[in-house]
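Add 513 to the 1-based position in the first sequence for the working numbering, that's all there is to it.
These aren't lab readings, by the way, just hints derived from the structure by calculation. Warning: the hint list may mix true and false statements.
With a Cα cut of at most 27 Å, we get these calculated DSS-like pairs of lysine-lysine [what the hints assert, rightly or not]:
no. : residue 1 : residue 2
1   : 749       : 814
2   : 888       : 875
3   : 539       : 936
4   : 849       : 872
5   : 785       : 1000
6   : 830       : 749
7   : 872       : 983
8   : 626       : 539
9   : 858       : 832
10  : 888       : 867
What you are looking at is a predicted structure, and each value in this text was computed from that prediction instead of being measured.
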Amino acid sequence: MVKGFLNLTFSSLFWTKQLLSASKDKSFGLTEASEDSPLYMIEYSSPNTNKPLHLGHVRNNLLGYSLANILKANGKKVVKTNIVNDRGIHICKSMYAWRTWGEGKTPESSNMKGDHLVGDFYVLFEKHYRQEIKELMENGITEDEAKQKAPSILEAHKLLQKWEANDTETRKLWSKMNKWVYDGFDQTYRELGVDFDKIYYESDTYLVGKEEVLKGLKEGLFYRKEDNSVWADLTKEGLDQKILLRSDGTSVYMTQDIGTAKLRFKDFPIDKMIYVVGNEQNYHFQVLSILLDSLGFKWGKDLYHFSYGMVELPNGKMKSREGTVVDADELVSGMKDVARETSEKLGKLEDYTKEEAQKTYKIIALGALKYFILKVDPKKNMLFNPEESIDFNGNTGPFIQYTYARIHSILRKAKERDIVSEKKESDIFEMSEIEKNIIKTISAYPQAVKEAGDSFSPALIANYIYSLVKEYNQFYHDCPILSEENKIIRDFRLILSETVSKIIKSGFKMLGIEVPERM
RNA sequence: GUCCUUGUAGUUCAAUGGAUAGAACGGCGGUUUCCUAAACCGUAGAUUUGGGUUCGAUUCCCAGCAGGGGCACCA
514 MVKGFLNLTF SSLFWTKQLL SASKDKSFGL TEASEDSPLY MIEYSSPNTN
564 KPLHLGHVRN NLLGYSLANI LKANGKKVVK TNIVNDRGIH ICKSMYAWRT
614 WGEGKTPESS NMKGDHLVGD FYVLFEKHYR QEIKELMENG ITEDEAKQKA
664 PSILEAHKLL QKWEANDTET RKLWSKMNKW VYDGFDQTYR ELGVDFDKIY
714 YESDTYLVGK EEVLKGLKEG LFYRKEDNSV WADLTKEGLD QKILLRSDGT
764 SVYMTQDIGT AKLRFKDFPI DKMIYVVGNE QNYHFQVLSI LLDSLGFKWG
814 KDLYHFSYGM VELPNGKMKS REGTVVDADE LVSGMKDVAR ETSEKLGKLE
864 DYTKEEAQKT YKIIALGALK YFILKVDPKK NMLFNPEESI DFNGNTGPFI
914 QYTYARIHSI LRKAKERDIV SEKKESDIFE MSEIEKNIIK TISAYPQAVK
964 EAGDSFSPAL IANYIYSLVK EYNQFYHDCP ILSEENKIIR DFRLILSETV
1014 SKIIKSGFKM LGIEVPERM
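Using the sequences and the hints given, assemble the complete structure.
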């Protein structure tokens, strides 16, 4: 007993038993889903189709994908879903700009990813729009009025109305441009290594939401104002009034989310619905939960808003209008360049073919990016400095990948020398403190997985893996493995190393990060 | 204005009410005839302020200060 704490020591035999049980278990720390496991649906990504994905989406995508893996590892059934906001004024702005100034440009003709092309027209729209507002204001019109009366915005609204009225030509243009965007998104998703089991489109769900709202109106849950708009009164819940249908009858974000939710629960036997959406929408989801509940959906009350923090840049928030966004595609390709340069400088992969090397650069680049983002508590805002943030040394993805690669280098050599380590309990040697510590950490893996699942936190996995690797590197530095003459100790250390690498791979898989055999 | 949220080394991040607040980057100083030095070791350096609860508070409560976000017929 020291200062009221009970300090226990265990024998080497105890620790070898712990290690062997972890080593022999093929899915150590993981729980398989069974027939009656609950089904979790996770919505993430949820892009608008008027611009390419940026750093904020990257955090969302990585968190959503990782969360899905973590829940699977905890024995849940998981359906990953994406709600694509494919309709609305934003895409109409791009459509108007393309039709007006696009000169028939296509992704092929301009050699551009479709999402970037469409995004450029959105920016072009905003530029013209701002100019028009400025001119109107110089003619003595108030800012509010100018924003509504500018010719560009009137045209965009006209397109939106035509879209809602199913105008053939408008729908054709809309389909064409959205298709460009989807091709671009698919490429980015593939690059990031994220995927979905089921994609919903708001153009398919908004009418369902509208029906629900009108039904609620009939039942007296909502009320209609003189101007024909429909509202929910949430003052009883301590909130305010919320608009559900505009005076022209068109639906808003909230309405669409109600429709999407209804469709999803019709399509899947969902036990828990998780929305991976930024914390700027906390209020929205609070309201959505109440509205779904009052509309009689029993699952409304316990929907879970996985509310993550914003990604900030050194000079503040990302603002698309001010051009201070970090583009997802550029980010990834920049990371790959740095990975390649670093690797070439160190001369590590000289006997690799170009393809093999390229593949490894990608694994390292994405490892760095993903780990950097996922190691931070999802709930908190995080700062991203494009110049300094992504490092390959220290507490980083590549540091952990490097440890994995070194272990596998040893395991390859062991194989070459036909060494087959005997997996049997033994206490005939004195284990070092660091070896005991590593086994202690290994034994804590199942608990770490469980806690990450309970608290929906990829950061816990990242931090766990880091501490394991930190300990292992110390051991690697201090203790000979293959060159250890005592075969019992050598085999023990091989098993220890192999088990650590297995956990690195398993934990990183949950984070969506791959590990290289060499680097 | 109102509601929510965050303040920890120079910087970016950790820390279930519990032992000496833990890392990384950056700084300074070391380690390579030895399984990958993208590694390892040493060193200096921090809980926003003031109250309260508690045997014990970075953690819980109240107030101040500072940052971020919400309160749209945007999504």
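Structure-based check of each hint:
1. 749 x 814: 16 Å, holds
2. 888 x 875: 19 Å, holds
3. 539 x 936: Holds, at about 14 Å.
4. 849 x 872: With a Cα-Cα distance of about 10 Å, the restraint between residue 849 and residue 872 holds, given a limit of 27 Å.
5. 785 x 1000: 52 Å, violated
6. 830 x 749: The hint is violated at about 35 Å.
7. 872 x 983: 26 Å, holds
8. 626 x 539: 42 Å, violated
9. 858 x 832: Measuring from Cα to Cα gives roughly 36 Å; hence the hint is violated.
10. 888 x 867: 31 Å, violated
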